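Asker: Protein sequences appear in the order of chains Y and C. Residues 515 to 765, numbered by this note's numbering, are exactly what the first sequence covers, in order. Residues 22 to 805, numbered by this note's numbering, are exactly what the second sequence covers, in order.
Worth flagging that the hints you see were computed from the coordinates, not collected in a lab. Nothing here was measured: the structure is a model prediction, and the numbers come from that model. Keep in mind that the hints are not guaranteed to be accurate.
[Claimed, not checked] Using 30 Å as the maximum straight-line C-alpha spacing, the simulated BS3-like pairs for lysine-lysine come out as follows:
(1) C:750 - Y:594
(2) Y:594 - C:771
(3) Y:688 - C:628
(4) C:130 - Y:672
(5) C:353 - Y:726
(6) C:710 - Y:552
(7) C:238 - Y:662
(8) Y:552 - Y:688
(9) C:787 - Y:643
(10) Y:595 - C:750
(11) C:685 - C:567
(12) C:353 - C:130
(13) C:353 - C:238
(14) Y:552 - C:787
(15) C:741 - C:728
(16) C:616 - C:685
Given next are the chains, with one letter for each unit.
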Amino acid sequence: MSEVKVTYPDAKEFSEIINAISALIEEASFTLASDGLKLRALDPSRTAMVDLLIPREAFEEFPESLSEEVRIGVNFDDFKKLLRRIKKGDKIGMEVSEGKLRVRLIGKASRTMTLPLIDIGAEELPTPKVVYTVLAKVSSDSLNEALKDADVIADAVKFDAKDDGLYISASSDKGDVEVKFEKEGEVMFEYDLKEPATAKYSLDYLVDTVSKAYRISDIVTVEFATQKPIALTFEIPMGGKLTYYIAPMIE
Amino acid sequence: MELTFWLLDITYGVVGNAPELRLFGITDDGRRALVIDKSFRPYFYVLPSDDVNTVLTNIKRKLESRVLGIEPVKRRLFGSDVDVIKITATIPEKVRELRELAAEIPGVKDVLEADIRFSQRYLLDMGIKPSNWVVIDQCEETKGNYQVDLVCLAKTRPRMIEEHKLPNFRVLALDIEVYNPRGMPNPDRDPIIIISTMTKEDGIKMFVVDDNKNDAKIIREFVDYFRKYDPDIVVGYNNNGFDWPYLVNRSSRVGVRLTLSRMGSPPEPSVYGHWSIIGRANVDLYNFIEEMSEIKVKSLDRAAEFFGVMKRSERTLIPGHRIYEYWDDKSKRDLLLKYAKDDVISTYGLAEKLLPFAIQLSSISGLPLDQVGASSVGARVEWMIFYEAVKRGELAPNREERPYETYRGAVVLEPRPGLHENIAVIDFSSMYPSIMMKYNVSPDTLVLGDCDDCYVAPEVNYKFRKSPEGLYPGLLRVLVESRRKVRDLMKNYPENSPDWVLLNERQRALKIMANAMYGYCGWLGARWYRREVAESVTAWGRNLLKTVIEKARSLGLPIIYGDTDSLFVKNISDKVDALINYIDNELGFDVKVDKVYRRVLFTEAKKRYVGLTVDGEIDIVGFEAVRGDWAEIAKDVQENVAEIVLTTGDVSKAVAYVKSVIDKLKAYQFDIDDIIIWKTLDKSLNEYKVLTPHVAAAKQLVEAGYKVGKGDMIGYVVVKGGGAKLAYKVKPYILIKDIREVDVDYYVEKQVVPAAMRILEVLGVKESQLMEGKAGKSILDYFS
Chain Y
515 MSEVKVTYPD AKEFSEIINA ISALIEEASF TLASDGLKLR ALDPSRTAMV DLLIPREAFE
575 EFPESLSEEV RIGVNFDDFK KLLRRIKKGD KIGMEVSEGK LRVRLIGKAS RTMTLPLIDI
635 GAEELPTPKV VYTVLAKVSS DSLNEALKDA DVIADAVKFD AKDDGLYISA SSDKGDVEVK
695 FEKEGEVMFE YDLKEPATAK YSLDYLVDTV SKAYRISDIV TVEFATQKPI ALTFEIPMGG
755 KLTYYIAPMI E
Chain C
22 MELTFWLLDI TYGVVGNAPE LRLFGITDDG RRALVIDKSF RPYFYVLPSD DVNTVLTNIK
82 RKLESRVLGI EPVKRRLFGS DVDVIKITAT IPEKVRELRE LAAEIPGVKD VLEADIRFSQ
142 RYLLDMGIKP SNWVVIDQCE ETKGNYQVDL VCLAKTRPRM IEEHKLPNFR VLALDIEVYN
202 PRGMPNPDRD PIIIISTMTK EDGIKMFVVD DNKNDAKIIR EFVDYFRKYD PDIVVGYNNN
262 GFDWPYLVNR SSRVGVRLTL SRMGSPPEPS VYGHWSIIGR ANVDLYNFIE EMSEIKVKSL
322 DRAAEFFGVM KRSERTLIPG HRIYEYWDDK SKRDLLLKYA KDDVISTYGL AEKLLPFAIQ
382 LSSISGLPLD QVGASSVGAR VEWMIFYEAV KRGELAPNRE ERPYETYRGA VVLEPRPGLH
442 ENIAVIDFSS MYPSIMMKYN VSPDTLVLGD CDDCYVAPEV NYKFRKSPEG LYPGLLRVLV
502 ESRRKVRDLM KNYPENSPDW VLLNERQRAL KIMANAMYGY CGWLGARWYR REVAESVTAW
562 GRNLLKTVIE KARSLGLPII YGDTDSLFVK NISDKVDALI NYIDNELGFD VKVDKVYRRV
622 LFTEAKKRYV GLTVDGEIDI VGFEAVRGDW AEIAKDVQEN VAEIVLTTGD VSKAVAYVKS
682 VIDKLKAYQF DIDDIIIWKT LDKSLNEYKV LTPHVAAAKQ LVEAGYKVGK GDMIGYVVVK
742 GGGAKLAYKV KPYILIKDIR EVDVDYYVEK QVVPAAMRIL EVLGVKESQL MEGKAGKSIL
802 DYFS
């Protein structure tokens, strides 16, 4: 395999993306394809899936042509530790060669570190085909707060889409929480309700993911339907996105 | 005086410059006797390549002053007459040196039979086998410092008589428990805390240390008791692997002489890895359990349950590696004592079930009772052949290192995958001895050139002389005839009476030894190995099985699977009967329905199936139920899945069971003992080039101050974090403080699910069906 090299202009942003993925995944393979850098992986319990696309346009440097897709298998714990070394204003370069991932942090000085590539059995994951009846674009920060509030009380949270807005609620013997995202409210940017829906999801997954991913983007797109998975999409500059799909809890 | 005794053990010693054979036994009037025979000397043969007289002169010139005799004799080698030179030495210890000298002499092609143990040589030449009654017509009483009632010097050659009755043995079961705070106990450091024995006369005796764990005291008490009881047969479970080496090493560490043998010497390691106690037979029952494929998990408690000695549910069970905890915690100590007691009762009970067969195996093969279990099946058959060969003047070829070679084996049909109901298994295993007798197949009847009066094997076209009768067919005929006689004798006794049981064990051993002859033909380690013999027997066997399969098809009897010497067919009784009649009457071979499966499950793989017999027993064949790197939980899951599928026929019940196991794992509701993976270090730590999980765990133990080395069993658990390679994710179980350290996902994905899928995959279950948690289905289920 010949050497492949990419450079992303904002190392900090990149590390936040990695951080957000690592909320669910211990190890997974990136795929470097002609249209960009992608990753699709399930968490070990297979309850949730993460789907990432960083288009080639978002990179400062990207291979002109790729004869075949390049798989970059990494352990996210190790990768994360390495990315802690990022300084403000750094760019990040990545090179794959001979079973190693060379990561260059380019700032005032350029530092190179390497990670071993790991071979991860490739499981072909399907593209999600779910019909959602609700789409809401809300402030990612507010959603994060709402979920954290719920987490104080319970293990699971209910999403209710009504005509007047989106209700996020939780209850247990410790008490009740309800947060309302009002239609046309200050933190609700778009609300498309095809039919009212209600579904319950595990807070384990929601809190872990949103508390990290909200740093990537100010707006999160929430899509769900009754007894269907929830999709949370965070946008990345130049048309990229990071989406989590989480299975509902069936009562 | 004339002495008749049952030969229990044989050994030899050198007194002055002469060897003496020491035959220990029990006389017909119940006295423990030692017969000494000083009349026999070791010898070996030299095969000349040139003229025998020239070589004889050469040998005399070189060796005459160092040996007792050099004489030309006529023998046979692979059925052909040969002139060989017999060289008789003074003492056994000289044979090695002499055979090397002889091999260098000009004109010497080969040195034969120079590697036979002296006591075994004696038995072969006298034609007497251990575990039989032997008569010495004139035996002169003498004195000696031995723990026996009678010592005498043989003045005539011993001879064997045919008598099936057994003497009244004194049998002692032995089991020790050792203090093991650091996992694998080490005799330099860890004391023995309990020695338990059981005998018919004295019942259970337990020698338990005091709180200071002073084991020198209890070992002394044990030795005194042992000598006083004076057992003929000592039984244990894995005593060759553990109890004896530990007792011997520990005794020398604490300075107690283990004077247990009838000559006052300690037990010592001997051939086939067994421990010998001179004058007694030390039998390791584990050796026999090890050979039984129907017992999957070969622990004492499981074996005892299998034989109906003691139910696991009715006994105390303690994980072996926690014995020290049960000792240290005084509130639990009674449990440990109960456990030790149950172990020794189980051992004694197993001995009652297994010894009768072991004795018959010894008496037929010619291997002493203490060696017969530890030896391989090949070795047992070989000794039996050796006796027959000596009788015929046929020389034993030397054991050779042979490169592994393959030849077309038996017929193995592609199984029909899936769950089948009501299946009969037709057993052809006694077909091979019949083929060998019918076509006189033997290494000494094989003709490589032209032959007018020969049987010719199909496909491979090897030729075998029709007469005289070969070594193997001759021996088989003796076995078959003996078995018929024994079965006739059995009719004189009521079923299950002691005499009947004894004869039944004998006819069973005779049958097993006859059927084992075929396996011996193909064993590369065999002295009499001839590839042509093995190939011809399988060729005839294949031919026969094909004929039978065609007949089954023409009868419209569906065949599910066939392997070597068995055929799995739909159990349609009139058609099965018709097939068996055809094989009996038209092909002239004796077959029977070996078992009937109520349900049997086949995968695509050959030699791999699970079945439930009509008697409610479950056979698991070829699955990894006993794979080394599987934790107990994976083995249990596989067994239980097989059982649920086979007994209920309901796959969804098995799926639900696996899911419940997974849920419990994920909720950390499991016992740490169930998830320990055990593996033996088979090299010393620094010899390992690759960091495997058990090596990584062993290194952690060393760092924590434990002593581990070659031969130790390392028990580790897979924990969270650490990295991608499994070796970075392991931890010795003794270092686990919190069960939440355990990487339950690993156990779900790499142990439980694969173990269950081996069976469930064939039934169309998908891995994802097992993985769905209670919290929701897998996300993938919503994407399709």
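Asker: All the hints need checking, so say for each whether the structure fits it.
Answerer: Going through the hints against the structure:
1. With a C-alpha separation of about 18 Å, the suggested pair residue 750 (chain C) and residue 594 (chain Y) falls inside the 30 Å cut-off, and the hint holds.
2. Distance check on the hinted pair: residue 594 (chain Y) and residue 771 (chain C) sit about 26 Å apart at the alpha-carbon level, within 30 Å; holds.
3. Annotation: proposed proximity of residue 688 (chain Y) to residue 628 (chain C) is violated, straight-line Cα distance about 58 Å (limit 30 Å).
4. Between residue 130 (chain C) and residue 672 (chain Y) the alpha-carbon distance is near 91 Å, which puts this suggested pair outside the 30 Å criterion.
5. A distance of roughly 50 Å separates the Cα atoms of residue 353 (chain C) and residue 726 (chain Y); the hinted pair therefore is violated under the 30 Å criterion.
6. Straight-line distance between C-alpha atoms of residue 710 (chain C) and residue 552 (chain Y) comes to about 37 Å, which puts the hinted pair past the 30 Å bound.
7. At roughly 67 Å between alpha-carbon atoms, residue 238 (chain C) and residue 662 (chain Y) are farther apart than 30 Å, so this suggested pair is violated.
8. Distance check on the hinted pair: residue 552 (chain Y) and residue 688 (chain Y) sit about 42 Å apart at the alpha-carbon level, beyond 30 Å; violated.
9. For the proposed pair residue 787 (chain C) and residue 643 (chain Y), the alpha carbon gap of about 21 Å is at most 30 Å, so the pair holds.
10. As the CA atoms of residue 595 (chain Y) and residue 750 (chain C) are separated by approximately 18 Å, the hinted pair is consistent with the 30 Å bound.
11. About 50 Å separates the Cα atoms of residue 685 (chain C) and residue 567 (chain C), which puts this hinted pair outside 30 Å; it is violated.
12. Distance check on the hinted pair: residue 353 (chain C) and residue 130 (chain C) sit about 68 Å apart at the alpha-carbon level, beyond 30 Å; violated.
13. The straight-line distance between the Cα atoms of residue 353 (chain C) and residue 238 (chain C) is roughly 23 Å, inside the 30 Å bound, and the hint therefore holds.
14. Of the pairs offered as hints, the one joining residue 552 (chain Y) and residue 787 (chain C) holds, with about 27 Å between alpha carbons and a cut-off of 30 Å not exceeded.
15. With a C-alpha separation of about 26 Å, the suggested pair residue 741 (chain C) and residue 728 (chain C) falls inside the 30 Å cut-off, and the hint holds.
16. Our distance criterion of 30 Å between C-alpha atoms is broken by residue 616 (chain C) and residue 685 (chain C), whose separation comes to about 38 Å.
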